[in-house]
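Enquirer: Add chain B to chain A, keeping to what the hints say.
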Amino acid sequence: MNKNITFTIDGKKCIAKQDQNIVEAAEDNGIYIPTLCHLKGIIPSGSCRICNIKSNGRFMTACTTKVQEGMVIENNTEEIDELRKIIIETLFVSGNHYCPSCEKSGNCILQALAYKHRIMIPRFAYTFEVKQVDATSPKIYLERNRCVLCKRCVRSIKTKDNKNYFAIEGRGYTSQIILDKKLALNMSDEEAQIAMKNCPVGCILKKEKGYIEAIGTRKYDKIEIGTEIEIEA
Amino acid sequence: MDNQIKNITNKYLNSKHRLMDIFHDIQKKSGYISENDIKSISELLNISSVDVIQTLSFYHFFKKKENAKYNIYINESIVAQMYGHKRILQAFENATKTKLNSISADGNFGLYSTSDIGMGDQEPAAIINGVIFPKITTYRVKEIIKEFRKGKSAQDLVNSFGDGHNQDNLIRSMVSNNLNRRGRVIFSGYNSEDALDIIVDKTPEEILHVIKESNIRGRGGAGFPIGLKWQYCRQATGKTKYIVCNADEGEPGTFKDRVLLTELPKRVIVGMIIAAYAVGASKGIIYLRKEYDYLIPYLKNSLTEAEKNNLLGESIKGRKGFNFDIRIQLGGGAYVCGEETALLESCEGKRGEPRNRPPFPIEKGFLDNPTVINNVESLCAIPKIICKGAEWYRSLGTKQSSGTKLLSISGDVLYPGVFEVEWGMTIKDIIDMAGGLDTKAVQVGGPSGKLISKKEFSRRIAYEDLSTGGAIIVFNKTRNILDIVMNFTKFFIDESCGSCAPCRYLTVILKNKLQKIIDGKGVENDLLELKEWGKKMKIANRCGLGQSAANPILTSLENFRSDYEDAVQSDKKYISSFDLEKSILAGAKAASRFPAV
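Heads up: the protein sequence lines correspond to chains A and B, in order.
The letter at position 160 of the first sequence is residue 162 when you use the working numbering, and the numbering goes up by one with no holes.
The letter at position 292 of the second sequence is residue 294 when you use the working numbering, and the numbering goes up by one with no holes.
Just chain A, with the same shape it has in the complex (with noise of 0.2 Å):
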């Protein structure tokens, strides 16, 4: 069963292992398809959309559509890159994202997709949501502005007998993220900065010591996202 999957991206002859899914499987062949909710090691979600690619001529999400034997995938197209980029300026302007003051800046893949996209200003009308910061737990803020409702903290954030952190409260464009208030009492400091990293925004802040890397610093400031992947293959 270990026998290797053959497929191509935008024309480029690729190799995976079995089960793979289309975003690691590229990754492993240097080629980078951007994603904003996948979390390696977590089941994927599909929810952000940006990873779309067309495979056979459909469209589907990468990060939860596992590779095939002799698939064509196009990832690098115009009309790709078009979805790709509505998705992204539809992130900005369903929250309020103030980059210059953001803690996460140069480290915010949001942040980052828009530099890669050459995403200047949103096509789209800012609506101004009103939004609640939550910093009501000893450890973490939660920056409600820019949450982008990924469910990276709800999928991989969890106590030590398997309990979760964070949900989603709500539905449609007012749905919200949470945090248990009870649980997160004896949040650990470690688990805290965990939950900030795998925070792809800066939505999950910890509390306490900020700004540790100086801005200009962070590594999207230095290099565009998906760069890293291209140059090691």
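It is worth saying that the hints were derived from the structure and are not from the lab.
What you are looking at is a predicted structure, and each value in this text was computed from that prediction instead of being measured.
Some clues are possibly wrong.
[Said to hold, decoys possible] As a list, the in silico SDA-like pairs of lysine to any residue whose alpha-carbon atoms are at most 25 Å apart:
#1 B:401 - B:185
#2 A:87 - B:538
#3 A:118 - A:189
#4 B:101 - B:131
#5 A:133 - B:185
#6 B:533 - A:133
Expert: Below, chain B without anything else, positioned relative to chain A:
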């Protein structure tokens, strides 16, 4: 800890998969689910409290805050609007001295809006404390509130019964069937139990063969061949297999399942039993939309009757090893739960968010068991196919769409109601059948379908032409297309689960753009953008809701272009959606200045 909560969670074996039932039971007892209740549930079920909240807050009809004595949910569907929703809402606001989305000062009345409640043939309608009030007039509003103030219950105010089994002692509802046309399959006269006598003498493979040969396809809208679905599930590995009846019809304009569940519950049950036999399933669930919970005592009784007659339970019809039972799972008010994987999530006590596919439910469905999900109407047609054979069934309808289809027709027609017709009927004939006059537009398949104009009235309803779940809303010349589209677009915004980013917010962006046009501030370019952005919805989202959320905009732009062109300012190239004056008003006021822009 509250003993009452303990008893309730115990009843459901303290399973987190029964959260929906736990909420319903608590709400029935105390009116709402309090902070303390949430804490107790989370401890008893050993889950975090945010897990309780995430399910609770997903559904429209669960209340987290203190409830009023009378909860009035007024339907805001397009048909309700056409029949005077605004007038009725105002009458309720005046009579209760309450504004929409609030509770009156005396705590008596809570006034809310709700998406289509499946009463499109008797609007305007409202649900008050679970009782359906159809065909409400302003006079009736005054009367209802007056009686409520005297302490009467909603059930006390049932002043007439609808036709058929609506008069049954277990229903006693004012809802009417409006069954305007019986056809040769669903509403034909025969004893569906005969079908069970036939199947127990045959092998499951033989039954699968008949269903496949009949060419019957799913009636919920997607049209997947039923025989194939059953076969795949039969072939899937899994100890316990499930048959789920999707009774969550929420597509605005559809109400056929309401009539089926009222008049033919036994046929639905027999359909499920046949499915169970063919698939090798031992468990059944009827997922019933919350809006129809007035049918629960009656449906439960139908299940008990079936058990008594050895149609459910063990060794059904004397056949050893053929065991099957059915329970009802009540929803909580969420259109998206009509999507089959969202429905499964909801059955498991979770938020009704559609799953990623594959795996498909036939492989991994309810609690990861192989599961067949069929529409009420699909299941209802099955017994007749068994009785009369595949060839007979195929003789009805068209070549690719065999059998009959139930249509829920509403809007500007003389005779709104349910019609059973053969596939292949033209839209023009459908309009004439229901008595539509001066028809301008027809919404085929509800908001997720298509808004068509006269030039398409010769098209036929069939999987190969105009495929539909059966909701037909007719609009006459006096109706404003843009208002219709706005109503549908708002519906999709309210009902989006919020999981996919584009469905969650691109719909809001589209709505804002549409509002700009309705406000007279639109230009030609806005129409272009509506179309370009709307098209992305089709490809960007996971489920049918998100993929079709821009259909009202896209199909009306295509078929009613001139209505849009009349609304935009053709002499201007650009009008900003940003209202500077309005935006700085608050700041200017605070500084005691008047803006001069």
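Enquirer: Are the hints correct? Go through all of them and say.
Expert: Hints, verified against the model:
In summary, the hint linking residue 401 of chain B to residue 185 of chain B is supported, as the alpha carbons are separated by about 18 Å, within the 25 Å threshold. Taking the CA atoms of residue 87 of chain A and residue 538 of chain B, the gap is about 11 Å. The hint holds against a cut of 25 Å. Distance restraint check for residue 118 of chain A and residue 189 of chain A: the Cα-Cα separation of roughly 35 Å exceeds the 25 Å cut-off, and the hinted pair is therefore not satisfied. Restraint check for residue 101 of chain B and residue 131 of chain B: the C-alpha separation of about 18 Å stays at or below 25 Å, so the hint holds.
Only pairs whose Cα atoms come within 25 Å are accepted, and residue 133 of chain A paired with residue 185 of chain B is rejected, the gap being roughly 53 Å. About 30 Å separates the Cα atoms of residue 533 of chain B and residue 133 of chain A, which puts this hinted pair outside 25 Å; it is violated.
Hint check: violations occur at hints 3, 5 and 6; the rest are consistent with the structure.
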